[in-house]
Amino acid sequence: MSTYQTNGDKILQAVIADEQLINFYGYNPDDFRSISDALDSDIAVIQAIAQIINRNEQKATEKEIYNEVSNFLKTNI
Amino acid sequence: MAAEKIYDLWASRNPQWEKRYEDSIIKNFCDYGRGATSLREDRGKVFGGGYEIFIVAFFIGLYFNQKRQLIEDTQKRKTFGQPIQYWGNLDSVKGRKAYPKLREYIFTALIARTDIDFIALEKGEMTSRKAVDMLMQTMEEYANWGFHFMEDKLTDDPNYFFRETAFLEVFLAFDASVPESTDEDEPESLD
Amino acid sequence: MIIKEIKINNFRSYYGSNHLSLSKGLTLVIGDNGDGKTTLFEALEWLFDTTGENRKDSHISEKRKSELEIGEIDEVSVNITFEHDGEKEIEKSFTFERISEDNIRTRDYKFVGYFIDGAERHSIAGDKLLNMCFEPVIRKYCLFKGENELNVFDNDTALKTLVDTFSGIRDFEKLVELTTEFEHKSANAANRELQNDKKVSNQAKELNAQLNDVTNDIQSIKTELNQKKISINEFSSKLELLEKNQETSERYQAIKERIKGLKDKRAKLAAWSSCEYSTNLLDEYWILRSFPAIIKEFSAKVSALSKEKRRLDKQETERRAKEAGEREAISKIQKLANDAVPLPWNLPDEATMKEMIDDEICKVCGRPAPKGSEAYEFMCNKLNEYLAHIAAEANKNTATKEDDEKPLFPNSFINELHSRQIKLSGDTEQEISKIATTISDRLEFVTKRKADLAEVEKQLQELETEQNDLLMQSGLSAELLDKSISDLRGFFDAKSRAESRVSELETTLKFKESARAEIQEKLSQLEPTSSMTQVYQRVHTAFERITKAFSNAKEQNINNFLQMLETESNKYLQKLNKNDFYGIIRIRKTINNSARIELYSDNGTRIENPNGALKTTMYMSVLFAISQITTLKREQDYPLIFDAPTSSFGGFKEDTFYNVIDTIDKQCVIVTKDLLNIDKATGQKTLDSDTINKLSCSVYRIEKIEPFNDKDLSTIQTVVKQVR
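First to last, the sequence lines map onto chains Z, E and A.
Position 41 of the first sequence, counted from 1, bears residue number 41 in our numbering, the numbering being contiguous throughout.
Add 1000 to a position in the second sequence, counting from 1, and you land on the number used in our numbering.
Add 2000 to a position in the third sequence, counting from 1, and you land on the number used in our numbering.
Treat the hints with care, since some could be wrong.
Once the Cα atoms are required to be at most 20 Å apart in a straight line, the calculated SDA-like pairs of lysine to any residue come out as [said to hold, decoys possible]:
1) E:LYS1067 x E:ASN1159
2) Z:LYS10 x A:PHE2409
3) A:LYS2589 x A:ARG2170
4) Z:LYS10 x A:LEU2312
5) E:LYS1005 x A:SER2306
6) E:LYS1123 x A:LEU2312
7) A:LYS2704 x A:ARG2170
Hints were generated in silico from the structure; no laboratory data involved.
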């Protein structure tokens, strides 16, 4: 499918393609081609990465993003 | 008691010169009138003590062999602060060298050019004082002519002697050749 | 974006209306320096300037200005029509009116864009349209005025800009920063929990302390590493610069040496060329120059006097001797009765005589001698004679002294003068007769030294001019050129030292980093009793991994981009150089997060100083590559406009070069003075029609129309003519 890839999508793909990450958490990066896909994922780390990218695009502050993501991770990792 | 020497008698004297040359010449080329303690450079004149320009004037008159009587009125004459015996003693002046022997040469010239009856003097028929007076007169009159010469040049060209080489040029114009001596060359011994 | 047409009205030398239709491939604009090449560029720059209202008097065509009557109005405008998702147009203009003989008023500034939507033509603010279609960062890589602008990496932020703009992924940097920050925060949070947990708090505290220490160490090592690497960079560039300028530096040094030598000579000569003309008359006795004759007069006179004195003296001595002799010859004899020889005068003595006279008796014979008698008289006479004799003796002594010691010449002035004369003769007189020569020698010496000094001054000036010219031509600073071999060596050594230090530091860093990893591992392996603490640990670990992933992805992105750029650049390089040697472009990341374009030969050695043409094609290849990448990423194409980059294309055949560019699927405008033949003798300019006819691209000629006066701008007019 050639849907339009936003900048965020591209970043996401680049990041989750990291081998070490794949090894640690065991997922298939092809399953998550877009931010929205990743945000829906039940793999915590994938979602966390998507959140970071997304919230940054939305111009959230560093504090906000940290709090949200760390809280998310606390309950989900 | 050592016999008095005519040289010493002469050297203790102080020649006179005409006051009118004070501003036009002496003060222009010497530090005359400003005290002996400051350095020549600071004052910017060619020569130091006033007597120096007097010496120059003297030699000009001497070499031209021209004399000029001093003005009668002694009120219009002056002397320098130092008698001849001190002329040329310049140790403390920066950039200059002492020339003490010049006094002796001046004396020599005066003896040669003054018509003193030395035999009479020797016999005691003339006082040494009188003889020295005559020497002084010669000295003063040569210098007086020299001053006159300088003043004349300055009237024509006020900048004349302010040129670096002006004074030297005056002396370069005279003949410097050594004449053949007609008498025996060796002076007789004193025996 | 494809530019279709450029219209320039009354902009500087472009009097009246002028236009260029651009081809889809290469458009060549040929003109000499001063014909209006750069002005064409500046017209476009003016059009694309979105920083604010910009209407200057200097933009107006002088010629047009001079033609205006009072009250007349005309317009300056630059306009492009282009294709970019439909046909669009952008124009910038302002009007100018002559209000008096010396005064022009400008107003009605307009910067407007047009686009077609459906069937209608809409207008929009010019800067808005421009930023939508041809934004500043893209423009930066499209317009190149002069060769110096061709190196896109020449400033530190270039790489970041390029990556952000063209790699397709923006803002990695920010995310890496964010995640790194999160990692720290979560680490701190986890550690705090550990230190509070009853079971592991001691170990946690201990490990944290160690962690702190090693983290600080790592930090300072990294700082020093960075510094050292920057230093190495500096040394390298300095060395490069020095080596490149070795020859110039040597020449500079040689001139400097000579100048120093001359300055020393000058100082000496200056001292020798001065002379105390006046005071030397006294101090050096120069006033005695004409004195020898007077010495002679003096000597003659004194000799004569001395002789005369001695003559008279001798005369007198003789006379006195005679007198004294006569006196001594005379002896007095006493008379007695009966002619007897009288007693000597001293018998009887005085006392006896006086007694006899007093007693009035001769005590020898006993006869009385009463006063008045003959005998009495005789005795008195005898006493008187005795006394007279004594007196006479005494007088005789003094008289003799007086007579003997009363000299003819009581004074010795002549002797004094004679001594003086003797002193004068011989050496002294000789010295004085040398004075004339001394003076003339000295004057001659001074004159010669003055001449020498003038000569040295002249040479010095020439050298200093040479030195300045060298500085100007090389464009380097005196400071740099002053560097001698020892400095070169110094830099070399310093660089080596820094490099070995870097080596050391990197080893230590690795060691410390693994130590840190160990500690962190230990920390994470601590099993706190509290499950909350464990959660914090896990969160931290997650952040750690996320951060690493982001960081790696960022680096990967840059590397991909550079790799792609390198590959594309080499494709263009090959095309542009065709069969000639071209080498291989490598794009290397540098210390300070920038990049460098380097050229390597086939066997892997770096080509340090590629010649002009090679260098230009190298940079142009990169630019073409960037443009190509842009096209891929943006699905939009942008034109490349070069102002005279080909001045160093000595070794290339123009037709080959331009035809190659024409075939590249990219709109390109090259403004150049190539293909213009200038007759050195007459200054006449003609197009190289033969070569031009071999070209496939479109060609324009711009030139100033004759006659014109370079000093009077109002006579200058550029005319645009299509040649092909």
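- LYS10 (chain Z) paired with PHE2409 (chain A) [C-alpha distance capped at 20 Å]: Outside the cut-off at roughly 137 Å; violated.
- Task: Would you check the hint for LYS1123 (chain E) and LEU2312 (chain A), treating anything up to 20 Å between C-alpha atoms as holding?
- Result: Holds, at roughly 11 Å.
- Query: Under the criterion that the straight-line Cα-Cα distance not exceed 20 Å, is the pair LYS2704 (chain A), ARG2170 (chain A) satisfied?
  - Reply: 47 Å, violated
- Query: Is LYS1067 (chain E) close enough to ASN1159 (chain E), meaning Cα to Cα at most 20 Å?
  - Reply: 25 Å, violated
- Item | LYS1005 (chain E) paired with SER2306 (chain A) [C-alpha distance capped at 20 Å] | Since the Cα atoms of LYS1005 (chain E) and SER2306 (chain A) sit roughly 16 Å apart, the hinted pair holds (cutoff 20 Å).
- Agreement of LYS2589 (chain A) and ARG2170 (chain A) with the hint, judged by alpha carbon distance not exceeding 20 Å: It holds: about 18 Å lies between the C-alpha atoms, which stays within 20 Å.
- If you draw a straight line from the CA of LYS10 (chain Z) to the CA of LEU2312 (chain A), is it 20 Å or shorter? Violated - the C-alpha atoms of LEU2312 (chain A) and LYS10 (chain Z) are around 141 Å apart, more than 20 Å.
In the structure shown, a violation is registered for the earlier hints numbered 1, 2, 4, 7, in ascending order.
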